[in-house]
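Note that the protein sequences, when read in sequence, are chains A and B.
Take any residue in the first sequence, note its place counting from 1, add 12, and you have its number in our numbering.
Take any residue in the second sequence, note its place counting from 1, add 12, and you have its number in our numbering.
No wet-lab data here; the hints were simulated from the structure.
Hints are not guaranteed to be accurate.
Same chains, same label: a pair holds when it works inside one copy or across any pair of copies.
[Unchecked claim] Below, a list of computed lysine-lysine pairs in the DSBU-like style, where the Cα atoms sit at most 30 Å apart:
| no. | residue 1 | residue 2 |
| --- | --- | --- |
| 1 | Lys-241 | Lys-54 |
| 2 | Lys-381 | Lys-368 |
| 3 | Lys-396 | Lys-48 |
| 4 | Lys-269 | Lys-302 |
| 5 | Lys-241 | Lys-100 |
| 6 | Lys-55 | Lys-100 |
| 7 | Lys-379 | Lys-298 |
| 8 | Lys-48 | Lys-381 |
| 9 | Lys-48 | Lys-241 |
| 10 | Lys-114 | Lys-396 |
| 11 | Lys-100 | Lys-302 |
| 12 | Lys-261 | Lys-246 |
| 13 | Lys-379 | Lys-55 |
Given the structure is predicted, the values throughout are model-derived calculations rather than measurements.
Protein chains: 2
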Amino acid sequence: MAIPRSLPQGAAIIGQSGGPTAVINQSLVGVIEGLKGFAPVKKIYGMRHGVDGLIRHLPLVDLTAITSEQMERIARTPSAALGSSRAKPTEADGPRIFDALKAADVRYFFYIGGNDSSDTCRIIYELSQRTGYEVHCIHVPKTVDNDLMMNDHTPGFGSAARFVAMAFMADDKDNASLPGIKINVVMGRNAGFLTAASVLARSGEHDGPHLIYLPEVPFDIDRFVADVKEAVAKHGRCQIAVSEGIKDKEGVEIGAKLISGDKDAHGNAQLSGSGALGDMLSNLLKDRIKSPSGKPPRVRADTLGYLQRCWPEPSPVDAAEARAVGVKAAQEAMTGLTDGSIAIARISNHPYRIEKRVVRLSDVAAKTKVMPPEFINGHNNVTKAFIDYCRPLVGDLPNMYRLPL
Amino acid sequence: MAIPRSLPQGAAIIGQSGGPTAVINQSLVGVIEGLKGFAPVKKIYGMRHGVDGLIRHLPLVDLTAITSEQMERIARTPSAALGSSRAKPTEADGPRIFDALKAADVRYFFYIGGNDSSDTCRIIYELSQRTGYEVHCIHVPKTVDNDLMMNDHTPGFGSAARFVAMAFMADDKDNASLPGIKINVVMGRNAGFLTAASVLARSGEHDGPHLIYLPEVPFDIDRFVADVKEAVAKHGRCQIAVSEGIKDKEGVEIGAKLISGDKDAHGNAQLSGSGALGDMLSNLLKDRIKSPSGKPPRVRADTLGYLQRCWPEPSPVDAAEARAVGVKAAQEAMTGLTDGSIAIARISNHPYRIEKRVVRLSDVAAKTKVMPPEFINGHNNVTKAFIDYCRPLVGDLPNMYRLPL
Numbered sequence: 013m014a015i016p017r018s019l020p021q022g023a024a025i026i027g028q029s030g031g032p033t034a035v036i037n038q039s040l041v042g043v044i045e046g047l048k049g050f051a052p053v054k055k056i057y058g059m060r061h062g063v064d065g066l067i068r069h070l071p072l073v074d075l076t077a078i079t080s081e082q083m084e085r086i087a088r089t090p091s092a093a094l095g096s097s098r099a100k101p102t103e104a105d106g107p108r109i110f111d112a113l114k115a116a117d118v119r120y121f122f123y124i125g126g127n128d129s130s131d132t133c134r135i136i137y138e139l140s141q142r143t144g145y146e147v148h149c150i151h152v153p154k155t156v157d158n159d160l161m162m163n164d165h166t167p168g169f170g171s172a173a174r175f176v177a178m179a180f181m182a183d184d185k186d187n188a189s190l191p192g193i194k195i196n197v198v199m200g201r202n203a204g205f206l207t208a209a210s211v212l213a214r215s216g217e218h219d220g221p222h223l224i225y226l227p228e229v230p231f232d233i234d235r236f237v238a239d240v241k242e243a244v245a246k247h248g249r250c251q252i253a254v255s256e257g258i259k260d261k262e263g264v265e266i267g268a269k270l271i272s273g274d275k276d277a278h279g280n281a282q283l284s285g286s287g288a289l290g291d292m293l294s295n296l297l298k299d300r301i302k303s304p305s306g307k308p309p310r311v312r313a314d315t316l317g318y319l320q321r322c323w324p325e326p327s328p329v330d331a332a333e334a335r336a337v338g339v340k341a342a343q344e345a346m347t348g349l350t351d352g353s354i355a356i357a358r359i360s361n362h363p364y365r366i367e368k369r370v371v372r373l374s375d376v377a378a379k380t381k382v383m384p385p386e387f388i389n390g391h392n393n394v395t396k397a398f399i400d401y402c403r404p405l406v407g408d409l410p411n412m413y414r415l416p417l
Numbered sequence: 013m014a015i016p017r018s019l020p021q022g023a024a025i026i027g028q029s030g031g032p033t034a035v036i037n038q039s040l041v042g043v044i045e046g047l048k049g050f051a052p053v054k055k056i057y058g059m060r061h062g063v064d065g066l067i068r069h070l071p072l073v074d075l076t077a078i079t080s081e082q083m084e085r086i087a088r089t090p091s092a093a094l095g096s097s098r099a100k101p102t103e104a105d106g107p108r109i110f111d112a113l114k115a116a117d118v119r120y121f122f123y124i125g126g127n128d129s130s131d132t133c134r135i136i137y138e139l140s141q142r143t144g145y146e147v148h149c150i151h152v153p154k155t156v157d158n159d160l161m162m163n164d165h166t167p168g169f170g171s172a173a174r175f176v177a178m179a180f181m182a183d184d185k186d187n188a189s190l191p192g193i194k195i196n197v198v199m200g201r202n203a204g205f206l207t208a209a210s211v212l213a214r215s216g217e218h219d220g221p222h223l224i225y226l227p228e229v230p231f232d233i234d235r236f237v238a239d240v241k242e243a244v245a246k247h248g249r250c251q252i253a254v255s256e257g258i259k260d261k262e263g264v265e266i267g268a269k270l271i272s273g274d275k276d277a278h279g280n281a282q283l284s285g286s287g288a289l290g291d292m293l294s295n296l297l298k299d300r301i302k303s304p305s306g307k308p309p310r311v312r313a314d315t316l317g318y319l320q321r322c323w324p325e326p327s328p329v330d331a332a333e334a335r336a337v338g339v340k341a342a343q344e345a346m347t348g349l350t351d352g353s354i355a356i357a358r359i360s361n362h363p364y365r366i367e368k369r370v371v372r373l374s375d376v377a378a379k380t381k382v383m384p385p386e387f388i389n390g391h392n393n394v395t396k397a398f399i400d401y402c403r404p405l406v407g408d409l410p411n412m413y414r415l416p417l
């Protein structure tokens with residue numbers, strides 16, 4: 013993070029990577045806004061489908077003359093407007109990416125994504141240092157999983173958490189009106205933050221979710237069945253939040269065993285885009301729990317699916333923060349930052365205040381964050397500390413009413 | 013629909029039945045509002061879980077003194093605040109229901125639901141006539157399936173259609189940013205209106221949904237695979253809307269064959285609350301379509317699930333209409349209507365205007381409506397006539413932007 017004497021002149025380029033979010037375009041627009049009017053930036057380009065587009069020689073998108081009105085419309089549109097990429101570039105891809113950057117006279121490289129995107133920035137910055145062709149590389153954080161190190165929370169998470177909380181709140185009223193057992197499977201392979209956010213749906217004593225299963229806590233089928241029986245006895249019904257990433261005590265993903273799917277560039281099996289885990293758990297409960305009449309209980313499973321990351325009514329707090337980290341990335345680059353990642357730190361919770369900081373690329377790239385022990389309450393719940401942490405991120409939630417039935 | 017000389021004095025009772033909607037409580041509150049201040053109505057009760065609660069002697073909910081503030085909060089809450097019921101009462105249940113009504117001095121019976129609820133009103137009104145204990149029975153329409161006869165459209169549909177349109181719109185941007193094949197399974201056993209509403213997500217030529225499969229059109233697997241291949245060739249990806257109720261050419265539900273589920277009181281097998289249909293179609297495409305590299309394509313399936321009927325941000329038009337049919341039902345009862353159903357007729361489309369009419373209970377109870385031929389375009393699309401019909405019902409939709417990629 014050395015400060016160079018003078019800023020190189022040339023083009024800036026922005027890319028989006030990984031699973032899109034409802035506010036990733038806010039960050040894109042934030043970077044553009046932050047760059048506008050700075051003399052060293054002669055052109056602003058967008059990568060099509062991230063560095064994958066550079067490797068495949070896809071034409072760049074020229075964003076230099078974009079209007080404020082176009083920017084606002086893009087900012088409000090969910091998912092990656094430039095296209096995203098699942099590819100994690102190898103060290104061998106580095107030179108091909110670098111050649112594409114040089115060909116377009118790029119001196120400022122902004123990459124919006126998760127920890128892999130931070131690592132991509134690191135690879136390119138190292139090539140820049142090795143070859144002497146100066147490219148400043150700034151990572152802009154994004155992920156609905158909320159699993160980036162060095163960040164209190166990550167842009168994209170608040171909007172996904174808002175969708176999950178509203179989904180559980182509404183679905184709980186549906187379940188109360190026609191009582192039964194309802195399983196909702198939530199995104200998040202290793203980090204349970206999004207599944208945990210379902211807790212914000214609770215206000216009264218009998219409100220769901222009644223049980224919350226995180227990937228951080230080994231999932232035991234017998235204990236699960238016993239939990240559900242107990243909740244049904246207590247509430248006359250049971251709404252359950254299950255992470256798609258729940259693992260058995262050997263650490264094997266239960267969902268991955270069920271889905272005949274492809275693997276991504278990281279060797280991870282498909283978990284999203286299938287109802288298999290919910291259906292398996294649903295059939296298990298139908299089989300193992302009998303109602304007093306001996307009939308299997310009414311069990312339904314929904315997998316909340318891709319809407320979690322693209323629902324077009326984001327958390328206002330999240331949308332504003334996603335924009336702000338983009339602006340900050342551009343401003344830092346324009347005041348001499350050569351390489352780094354923008355991170356969010358929480359300064360206070362009452363009132364809620366954050367600060368945007370510059371951190372090392374390698375500190376973000378290194379590993380992923382999971383739910384800390386102080387957020388986990390036993391094997392099927394979360395703590396008040398988690399609720400206090402999560403609530404400011406999702407915006408105002410509906411104030412629902414239920415007659416005492 | 014005879015007009016009696018004078019109105020009987022006594023209690024009014026309101027019940028909610030069938031699958032809840034996002035605006036069924038608007039109708040509940042509408043009936044209460046419409047009854048307030050009328051001298052013949054001494055008490056206003058709510059049935060808990062519809063007539064099922066009367067049969068099971070569940071205590072009534074006294075709504076007589078409910079405040080405006082409570083009413084507004086209930087109206088904004090999705091799903092049946094009084095609890096709903098899946099039971100369709102038999103002729104033999106009639107006397108038990110009737111006894112419960114007499115015990116509470118009920119003279120006005122309002123039932124919010126689909127065509128079965130209209131039939132329940134008919135059964136009770138016939139008992140009233142046979143026994144000489146006067147009970148006026150008014151049906152208030154509700155269903156996300158939009159399948160009630162005599163109605164241009166049904167309260168509940170517009171909000172579900174809005175959710176479906178917004179879901180496809182956002183998910184289409186997700187699919188465009190990481191191109192692949194995406195299946196979204198939509199509610200609706202026999203009527204394809206809700207699946208068809210996905211079309212409102214389209215604005216540009218390459219926007220999804222690229223294929224729409226309705227329960228009204230026999231589903232052929234080979235033709236489906238060919239359709240998807242063609243769409244992928246044209247758009248580089250494919251977003252697909254599939255009704256949960258698609259049937260093969262023998263009329264057998266494809267989803268029901270896959271789900272090891274319970275049957276409801278009508279003998280219908282479970283279709284919702286499972287991802288099996290989407291997963292089967294997804295696996296079929298992975299198996300039958302190869303990418304140029306010989307790899308199976310990226311195929312994902314989401315089942316939109318119960319959020320379609322309870323998402324807490326309803327169509328404003330639908331919310332207002334649901335309220336208005338409740339008010340109308342009460343007003344008709346207070347001006348002498350003994351039995352009937354409130355129906356929505358469309359007076360004009362530009363500007364959009366409706367009229368609320370009284371129709372016979374038996375005309376609504378008789379059968380369900382499906383998509384008429386003029387709304388169906390070939391075997392995988394809908395017509396402009398359907399778009400013109402549906403658009404005014406869902407409220408304003410987001411104006412999304414996609415860079416030309």
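Against the structure, the hints come out as follows:
1. Proximity of Lys-241 to Lys-54 under the C-alpha cut-off of 30 Å is found in neither arrangement, the shortest distances being 65 Å within a copy and 43 Å between copies.
2. For the identical chains of this complex, Lys-381 and Lys-368 are intra-copy neighbours only, at 18 Å inside a copy versus 56 Å across copies, given an alpha-carbon limit of 30 Å.
3. Taking CA atoms no more than 30 Å apart as the test, Lys-396 paired with Lys-48 passes in neither setting, with 43 Å inside one copy and 43 Å between copies.
4. Both within a single protomer and between protomers do Lys-269 and Lys-302 lie at most 30 Å apart by alpha-carbon distance, with minima of 27 Å and 23 Å respectively.
5. Only between protomers do Lys-241 and Lys-100 lie at most 30 Å apart by alpha-carbon distance; the minimum there is 28 Å, versus 44 Å within a single protomer.
6. Within a single copy, Lys-55 and Lys-100 get their C-alpha atoms as close as 26 Å, which meets the 30 Å cut-off; across copies the closest is 67 Å, which misses it.
7. For the identical chains of this complex, Lys-379 and Lys-298 are neighbours neither inside a copy (39 Å) nor across copies (32 Å), given an alpha-carbon limit of 30 Å.
8. In the homo-oligomer, the alpha carbons of Lys-48 and Lys-381 never lie at most 30 Å apart, since the shortest distance is 34 Å inside one protomer and 56 Å across protomers.
9. Taking CA atoms no more than 30 Å apart as the test, Lys-48 paired with Lys-241 passes in neither setting, with 59 Å inside one copy and 43 Å between copies.
10. Neither within a single protomer nor between protomers do Lys-114 and Lys-396 lie at most 30 Å apart by alpha-carbon distance, with minima of 51 Å and 49 Å respectively.
11. With identical chains, the CA atoms of Lys-100 and Lys-302 are at most 30 Å apart between copies only, with a shortest distance of 23 Å across copies and 48 Å within one.
12. In the homo-oligomer, the alpha carbons of Lys-261 and Lys-246 lie at most 30 Å apart inside one protomer (28 Å), although the nearest pairing across protomers, at 46 Å, exceeds that limit.
13. Taking the closest pair of Cα atoms, Lys-379 and Lys-55 never come within 30 Å of each other, the shortest separation being 34 Å inside a single copy and 64 Å across copies.
Taken one by one, the earlier hints fail for this structure at numbers 1, 3, 7, 8, 9, 10 and 13, listed in ascending order.
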